[in-house]
Amino acid sequence: MKKVLFLCTGNSCRSQMAEGWAKKLHPGVIEAYSAGTDPGSVDPRAIKVMAEAGVDISGHRSKHAGEFKEMAFDLVVTVCDKARETCPVWFGKAQKLHKSFEDPPFLAKEAGTEEEALGHYRRVRDEIRKFVEDLWKI
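Numbering follows the working numbering, in which position 55 of the sequence shown is assigned residue number 272; successive positions increment by one, without gaps.
The set of hints was computed from the structure by calculation and includes no laboratory data.
Please read these numbers as outputs of a predicted model, since none were measured by experiment.
Every residue gets a Cβ at the ideal spot worked out from N, C-alpha and C, and that includes glycine.
Incorrect hints may appear among the rest.
Stated by the list, open to error - 20 Å max Cα-Cα, derived EDC-like pairs, lysine to aspartate or glutamate:
hint	residue 1	residue 2
1	241	344
2	219	319
3	310	291
4	220	351
5	310	287
6	240	331
7	310	284
8	240	344
9	316	350
10	316	287
11	347	327
12	313	269
13	316	344
14	316	291
15	316	298
16	220	287
17	220	284
18	219	255
19	280	333
20	219	287
21	316	255
22	241	269
23	313	331
24	240	298
25	220	291
26	240	332
27	265	343
28	241	273
29	240	343
30	316	269
31	316	248
32	313	248
33	265	319
34	280	298
35	347	248
36	280	255
37	241	331
Said to hold, decoys possible - The following label-pair restraints were derived from C-beta to C-beta distances:
hint	residue 1	residue 2	range
38	245	328	18 to 24 Å
39	275	328	19 to 25 Å
40	310	265	36 to 42 Å
Construct the entire structure; sequences and hints are all you get.
So, in structure tokens, the structure goes:
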């Protein structure tokens, strides 16, 4: 199995979604992990919209990239521009890939309703799914 780390800043939304999708879509092919350069906590809206799509990330926790310093990855995917800029150099020989997704919590700040806010999460969730669907080809 390929070991893949999805990395973003807070490890609260996008990288969590990517990890969840990889585990759901590529069992036995991708061993997925996620982390952040400045982790916080898993976003409840991310948990909600992933559950709507049949992926349970409610047991996930936000992790610092440093927790994986000793692990050898085949691929490290940064899913936000800030993480790309601060991606730890100690990921060694891992292939590095960048695919930036918009930040649902940031977009949701301007939402007039909860449903509108969730719409941002759902759109990004679906974009991440499409990306992860094709990830095994890398």
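Outcome of the hint check:
no. : hint                     : result
1   : 241 with 344             : holds, 15 Å
2   : 219 with 319             : violated, 26 Å
3   : 310 with 291             : holds, 8 Å
4   : 220 with 351             : holds, 15 Å
5   : 310 with 287             : holds, 13 Å
6   : 240 with 331             : violated, 28 Å
7   : 310 with 284             : holds, 18 Å
8   : 240 with 344             : holds, 16 Å
9   : 316 with 350             : holds, 14 Å
10  : 316 with 287             : violated, 24 Å
11  : 347 with 327             : violated, 26 Å
12  : 313 with 269             : violated, 30 Å
13  : 316 with 344             : holds, 11 Å
14  : 316 with 291             : holds, 16 Å
15  : 316 with 298             : holds, 8 Å
16  : 220 with 287             : holds, 13 Å
17  : 220 with 284             : holds, 15 Å
18  : 219 with 255             : violated, 25 Å
19  : 280 with 333             : violated, 28 Å
20  : 219 with 287             : holds, 16 Å
21  : 316 with 255             : holds, 19 Å
22  : 241 with 269             : holds, 14 Å
23  : 313 with 331             : violated, 35 Å
24  : 240 with 298             : violated, 23 Å
25  : 220 with 291             : holds, 5 Å
26  : 240 with 332             : violated, 27 Å
27  : 265 with 343             : holds, 13 Å
28  : 241 with 273             : holds, 9 Å
29  : 240 with 343             : holds, 15 Å
30  : 316 with 269             : violated, 24 Å
31  : 316 with 248             : holds, 19 Å
32  : 313 with 248             : holds, 16 Å
33  : 265 with 319             : holds, 18 Å
34  : 280 with 298             : holds, 18 Å
35  : 347 with 248             : holds, 18 Å
36  : 280 with 255             : holds, 9 Å
37  : 241 with 331             : violated, 27 Å
38  : 245 with 328: 18 to 24 Å : violated, 38 Å
39  : 275 with 328: 19 to 25 Å : holds, 23 Å
40  : 310 with 265: 36 to 42 Å : holds, 37 Å
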